[in-house]
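Same order as they appear, the protein sequences are chains P and E. For the first sequence, the numbering used here assigns the number 1 to the initial residue and increments by one for each residue that follows. For the second sequence, the numbering used here assigns the number 284 to the initial residue and increments by one for each residue that follows.
To be clear, the hints were calculated from the coordinates, so they are not data collected in a lab. All C-beta atoms, glycine included, are put in the ideal place defined by N, C-alpha and C. Don't take each hint at face value.
[Stated by the list, open to error] Derived CB-CB ranges, DEER-like:
1) D137(P) - F496(E): 53 to 59 angstroms
2) V374(E) - E51(P): 27 to 33 angstroms
3) D163(P) - M483(E): 29 to 35 angstroms
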Amino acid sequence: MHKVRSIIYIALFLLVTVGMGVSVWWSIDGEKGADYVVETNVPFAPFEFYENREIVGVDVDIVNQVAKKIKKTFQIKNVEFDVIIDNVEAGRIADVGAAGLTITPARLEKVNFTIPYYDSVQYVIYNREMPPSLRDDHVVWEALAGAKIGSQIGSTGYLFVDDEIEAGALVGTGTTLKGIDSHQLAADAIMAHIIDYAVADELAAKFIVDKNPGLEALPLYYAGPTREEDYPVEESYAIAVNKDRPELLDAFNEVLTEMLTKNEQGESEIDRLVLKYMGLVNE
Amino acid sequence: MNNFFEKIGELFSTPEYIDSLLHGFLLTLQISYFALLIGIVLGTVIALIDTAKPSKWLKIPKFICRLYVGIIRGTPMALQLFIMFFVIFAVKGFPSIITAIIAFGMNSAAYTAEVIRGGILSVDAGQTEAGLALGLSRFTIFMKIVAPQAIKNIIPALGNEIITVIKETAIVSMVGMYDLNMAAKDIGSGQNMASYIVPMFVAALFYLGTIYFITFIVKRIEKNLRRSDLRAEK
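Please put together the full structure from these sequences, using the hints given.
Okay, here's the thing in structure tokens:
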């Protein structure tokens with residue numbers, strides 16, 4: 001009786017091991033064999049987000065067009081946002097970074113950037129019941145003084161706030177900045193009163209506010225001499241390419257130039273894709 | 284609060300969400316299962332070397348084992364995972380699931396080694412001496428006298444380690460792998476939820492269910508091993 005039991009247990013163990021092994025083998029099978037690796041950070045709708053566990057979005061479409069053009073395969077990997085630039089610079093595990101990356105001087109030292117393909121402005125997300133002091137339809141930096149601000153760590157929103165605290169409108173105001181895992185989590189953090197405001201890119205902010213009735217978002221402006229002269233916090237997205245892959249940079253630039261060409265209605269393919277993916281996620 | 288239960292209902296009635304959660308769950312199980320296998324095998328080897336009778340041949344292996352356990356237990360798992368992904372296995376096209384399994388396996392090995400070492404040491408040295416006095420070989424003494432008693436002491440702590448590994452695999456979402464935790468984040472950031480809170484609760488239920496199941500099995504094994512003990516739970 002004891003023997004039979006042991007045999008059953010051992011057989012069960014082997015069965016589970018083999019079954020697990022096969023399932024791991026399957027998941028590996030789909031992963032290898034790409035010429036280039038593209039790193040991105042999900043979720044950042046409409047540029048990249050999961051749909052049935054596949055990464056889709058505007059950036060993914062750009063990469064696919066390049067793949068078609070140069071007849072190479074690309075593997076798209078989801079990683080933490082703040083490691084993308086370093087990984088692309090090293091070039092060992094990634095060749096391209098496509099994550100709505102803004103061109104900044106510090107990043108330019110490490111990687112090459114393609115031509116910008118989308119202009120964005122920064123937005124402030126806040127609790128509807130505790131808004132900062134507004135200037136009509138926007139918020140100026142000064143209104144955030146002394147608050148606890150959160151932003152996706154390593155994102156340009158984070159860098160902008162950091163700059164203002166170090167040497168800008170928020171110097172010496174006791175304003176604190178918290179790095180948070182993602183824009184979405186920053187929004188949850190507002191509702192949990194961990195932070196007062198979150199700074200995020202326009203589309204990400206609008207997407208989040210759309211789904212959370214308790215939150216509102218308005219564009220963030222630098223204060224000008226008068227209210228009319230306030231100007232927005234702008235940035236341009238581009239794709240980062242490893243410095244040793246000039247052929248890739250050329251291919252991306254070529255495709256982006258094509259995709260940015262406006263048709264008779266004054267709408268480029270990028271505009272159309274942004275609308276398409278915004279529409280899709282807004283269902 | 285009403286909204287909370289509404290959203291939970293919505294999550295459970297949307298097939299795509301359930302599908303995502305189950306896929307994430309599978310990855311969590313895959314990583315923890317093989318990591319634990321590696322951990323138990325490697326951990327046993329380390330523990331045996333560490334508790335073996337000192338001799339000049341074993342000096343260096345013993346030193347290596349202690350260093351290994353020291354380093355692994357002395358650094359956070361999240362950092363080990365990062366180093367594995369971005370330094371040691373920073374090879375293009377290397378499957379990330381294998382990297383994760385190795386990272387967690389190596390981590391688990393250090394803890395399992397300590398658990399097993401503790402189990403072996405809990406058996407009084409006098410028993411080995413008695414065995415030697417009776418003229419038994421060291422191998423026989425270990426297999427017939429020390430191991431059966433040690434295992435009884437190892438199982439509860441090993442169950443603890445199994446649970447720890449399963450829960451700790453949640454950090455693979457940090458390197459972009461689609462595990463149960465990432466599935467919750469994915470659902471939370473998309474379409475209808477736009478909040479991490481509800482899917483996180485549901486993911487927690489999955490973890491809780493798994494751990495309850497593991498605890499049940501470990502308890503069964505324990506009971507079986509202790510059936511001749513005075514202190515056995517009946």
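Each hint, compared with the structure:
{"no.": "1", "hint": "D137(P) - F496(E): 53 to 59 angstroms", "verdict": "holds (55 angstroms)"}
{"no.": "2", "hint": "V374(E) - E51(P): 27 to 33 angstroms", "verdict": "holds (29 angstroms)"}
{"no.": "3", "hint": "D163(P) - M483(E): 29 to 35 angstroms", "verdict": "holds (33 angstroms)"}
Taken one by one, the earlier hints all hold for this structure without exception.
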